[in-house]
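Quick note, the sequences are listed as chains D and Z, same order. Taken in order, the first sequence gives residues 1 to 487; the numbers are from the working numbering. Taken in order, the second sequence gives residues 1001 to 1444; the numbers are from the working numbering.
Accuracy of the hints is not assured; some may be wrong.
[Stated by the list, open to error] In silico lysine-lysine, DSS-like type, Cα no more than 30 angstroms apart, as pairs:
1. K181(D) x K1322(Z)
2. K311(D) x K1304(Z)
3. K1304(Z) x K382(D)
[To be verified] Label-pair ranges, simulated between beta-carbon atoms:
4. V1184(Z) x G400(D): 35 to 41 angstroms
5. P1371(Z) x A178(D): 51 to 57 angstroms
6. R1400(Z) x P425(D): 14 to 20 angstroms
7. T1313(Z) x P425(D): 37 to 43 angstroms
8. G476(D) x A1052(Z): 36 to 42 angstroms
9. V1089(Z) x D98(D): 29 to 35 angstroms
10. G64(D) x V1184(Z): 50 to 56 angstroms
11. H1151(Z) x L410(D): 21 to 27 angstroms
12. P1371(Z) x R78(D): 30 to 36 angstroms
Keep in mind that the hints were calculated from the coordinates and are not lab data. Where a beta carbon is used, it is the ideal one built from N, C-alpha and C, also for glycine.
So the chains spell out like this:
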Amino acid sequence: MELIFEKSRPGRRAGRVPDYGLPVPEIPAEFRRARPPRLPEVSEPEIVRHITALADRTFGVDSGFYPLGSCTMKHNPRVNERAGRLAGFRDLHPLQEDDGAQGALELEWRLQQILAEVAGLPAVTLQPAAGSQGELTGLMLVRAYFEDRGEGETRDTVITADTAHGTNPASVTMAGYALEKVETDARGNLDLDDLRAKVGKRTAALMLTNPSTLGLFDEGIEEVARIFHDAGALLYYDGANLNAVVGRSRPGDMGFDIVHFNLHKTFSQPHGGGGPGAGPLAVREDLEPYLPSPQVVREGDRYRLDHDRPKTIGRVRGFSGPFGVFVRSYAFIRAYGPALREMSDAAVLNANYLLARLKDVYDLPYDRHCMHEFVLSARNLKREHGVSALDVAKRLMDFGIHPPTIYFPLVVPEALMIEPTETEPKERLDHFVDAMLQIAREAEESPELLHEAPHTRPVRRLDEVRAVKQPVVRYGFAQHEAVEAGA
Amino acid sequence: MSAGYLSLTDEDREEMLAAIGVSSVDELFEQVPERVRFLRELDVPPALPEAALVRHLEELAGRNAHGGVELSFLGAGIYDHYVPALVDVLLSRGEFLTAYTPYQPEMSQGVLQAIFEYQTVVCELTGMDVSNASGYDGCVVAADACYVAKHTSDRTKVVLAEALNPQVRQVVKTYARGFGLEVVEVPHRGGTTDPEELTAASRDAAAVIFQQPNFFGCLEPAPDLARAAAEAGAHPIAHVDLVSLGVLEAPGEYGCAMAVGEGQSVGCPPLYGGPHYGFFAAKEEFIRRMPGRIVGETVDHDGKRGFVLTFQTREQHIRREKATSNITTNQTLLALAGLFTLAWLGPQGLREVGETCLALAGYAKERIGLPLAFDRPTFKELALRLPRPARDVVAEARARGVHPGYALGRDYPGMDDVLLVALTEKRTPADVDRLAEVLREVCG
């Protein structure tokens, strides 16, 4: 389809702007724009059709099954969208004085209370904008804590698992720490011997996802916590997989000191084609003084933003956080109430059902019950028929299914990381199983069908190498090299 | 009773447990060591059916003094510009709303193309060559820019103009510790930054960040500031408001290396601070150090045009501890709101928004009759010098149903008598008359 710039015609427009008939003061020449920006000139009917066509070429959870491992692509209740659009929230300026924002502050405070209970840790900040920023903020807290104890210089290393999301090591570097990796043992738990050898006086913290990105709960978690706490180090819980254990196990009870939530995963903020999200943190009592400023506090029946925090690490984002996400997540949680555990129970049941039905056909690197997701390997298809995880993923598209996460975690070759979430009915799960089994048969009978997949999408496989070697990252207008626009 | 968001029947559950070979869900949780199992019910408020939930949220929303309750002139970084109706309607399409990052391009050509179009409009407005798919907000993109500058200069200092948004400066300082960067601030002189002072401060700096128009609403001598930074060997970075760029010069045209900012003013309601989108644009030479997603054009096996995430070797999921950033989830949906708003406005509409803001600000200067704190050209915000503390004026004006603006003393010591008033095209001359009347009443 055409780009919106290719639909542009000089003089065409959609929006009308109020003109109050007032004189327009002249902008001094040195500040004035010399050349108008080449924004598209399109009428409203054509903008609407353009955006509709873009939506038609996009696949969301609303379109079908989306078992993208680690991303928790669950149903997004529409009442939450209505809530986020209430005028009292939507049109509230973030610098409004606290007495004019009592409803918003109360919602934030209530969400903090709930997150503290779910984490099993008493103090919460809502400020971080996403999980990754939660990680970085958490590491800043670690630094502040050790500096306060005079160990800021000596504790310079953070340990991550070899199964960790890429965000963990990236956050470690951005926080100014050195990185050390620990291995996974044959059961899919952290290798305790490797861990004991690496934890010491230089260790500031462990960052761990539990259940891990293999979808397995670390059976040695109590010993892991003991090793770190005995060494005076802190434990950071990457909440990416919290959807597995809400109401079943709490990170604080496992021994973690800092926890981030991905509200867009566990508590259903729609993922929006890449975002927004939110990454609140819950922490141990003695880490509370370091939390970002401002903090939402309650005094009697009034709420306010507390900026007077002498030990704070500072601010990590504007205002008190992505408020619209808080509204949706709060609404989501209130729809469940104390029965929130049923969410995780269904997520774990759905995942184990898929696992049980697929493990005889695809390789299962760690043969255990899984939690909310599991990792299969297509290495048997690769070895026997030359069909890769990528081929399987692309072929799934022809069944109207979004592919799982592939080639991650890195410790599993030809990985297919599958997370069905709790909201899927059994028929959808069965359809996915049927598709996966058929693809395994096709790998044997007609592998070229898989190498050539997908066959039913608006485009066929795309040349990613060309996108780097001949970078075109914006429309070039008259200089734009013409390629066939396609259907 | 649980929410109606689950889909399994009792019969489904029985069949599934049988297929797994366990008798209960509890058995699946046996991998959780006994002592860390949570055995009681979560202590959270009771479940609400949808109608009661809406009533509860309406009650909370109703206790906020939002723009429909007070006639508001608050700005200071978040602005009440008009968001076209089609933005909300079309972004409610479930395909955009409920998709995630387009890792699988064949499933996501629509959102990829939309991001490519977004990158193009950001580049056009800022005069840059490359834009990412969005950053968290206008604060964090400034910190991102410092990280890029550090790695492309091998210098360990950044310079911030004091007239740069205080929250932006706070976030840069928070991040700077982990980045190993020293942060130096250059004071304003009469409302704007002095180029010579900036040159002196910029020696050995990786980057200089200034804001145009600055936090006081004044137009900085931006070309001179960019030149001053460049002469000292620092990357000049402009923090800009997209709304202003229909009438104000693009940072790329006056020598900036990068342009960043808060995108909220184009496409997003205030929403008590977010989610909005930060934009990050740069000259071509920085492409391999950029943070975040970038969409590129390519072709498929049949030679047809398509779009993919590109330069992914910069990113955390490939490069891990050597990544240019840890960002993963970004602000795509809000960035698309920005794209669609700009398409709706077009070049003419964007210029008209800028001109209407300018005209209203000019009208407000005359009607209000209070002195400006700074004798500088302005765009849509005015720093007014009041005869009384601004906080008291705000409180008393609010009691009359008008929020007159931001008390600058909240961030700048010594500016307790300065009020920052924002004029967007949504305010009318009659609104300005009402503001003038109220300020006369409360200022005596």
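Regarding G476(D) and A1052(Z), is the given constraint of 36 to 42 angstroms on their beta-carbon distance met?
violated, 54 angstroms
Quickly compare the C-alpha distance for K181(D) and K1322(Z) to 30 angstroms and report which way the hint goes.
Given pair K181(D), K1322(Z) holds - Cα atoms ~14 angstroms apart, limit 30 angstroms.
Confirm or reject the claim that R1400(Z) and P425(D) have a C-beta distance inside 14 to 20 angstroms.
Violated, at about 56 angstroms.
When you check the alpha-carbon spacing of K1304(Z) and K382(D), does it fall within 30 angstroms?
With a Cα-Cα distance of about 29 angstroms, the restraint between K1304(Z) and K382(D) holds, given a limit of 30 angstroms.
Quick check on a hinted range of 50 to 56 angstroms for G64(D) and V1184(Z), using CB atoms only.
holds, 53 angstroms
Between K311(D) and K1304(Z), is the straight-line Cα distance small enough, at 30 angstroms or below?
violated, 57 angstroms
Does the beta carbon distance between P1371(Z) and R78(D) stay inside 30 to 36 angstroms, or does it fall outside?
violated, 51 angstroms
37 to 43 angstroms as the expected CB spacing between P425(D) and T1313(Z), which holds or is violated:
For T1313(Z) and P425(D) the Cβ distance comes to about 39 angstroms; the hint holds.
Taking the Cβ atom of V1089(Z) and the Cβ atom of D98(D), is their distance within the range 29 to 35 angstroms?
holds, 33 angstroms
Does the beta carbon distance between V1184(Z) and G400(D) stay inside 35 to 41 angstroms, or does it fall outside?
violated, 56 angstroms
Within 21 to 27 angstroms: is that where the Cβ-Cβ distance between H1151(Z) and L410(D) falls?
Holds, at about 25 angstroms.
Starting from the hint 51 to 57 angstroms, judge whether the C-beta atoms of P1371(Z) and A178(D) obey it.
Check passed, 55 angstroms falls within 51 to 57 angstroms.
In summary, the structure is inconsistent with hints 2, 4, 6, 8, 12 from the numbered list given earlier, while agreeing with the others.
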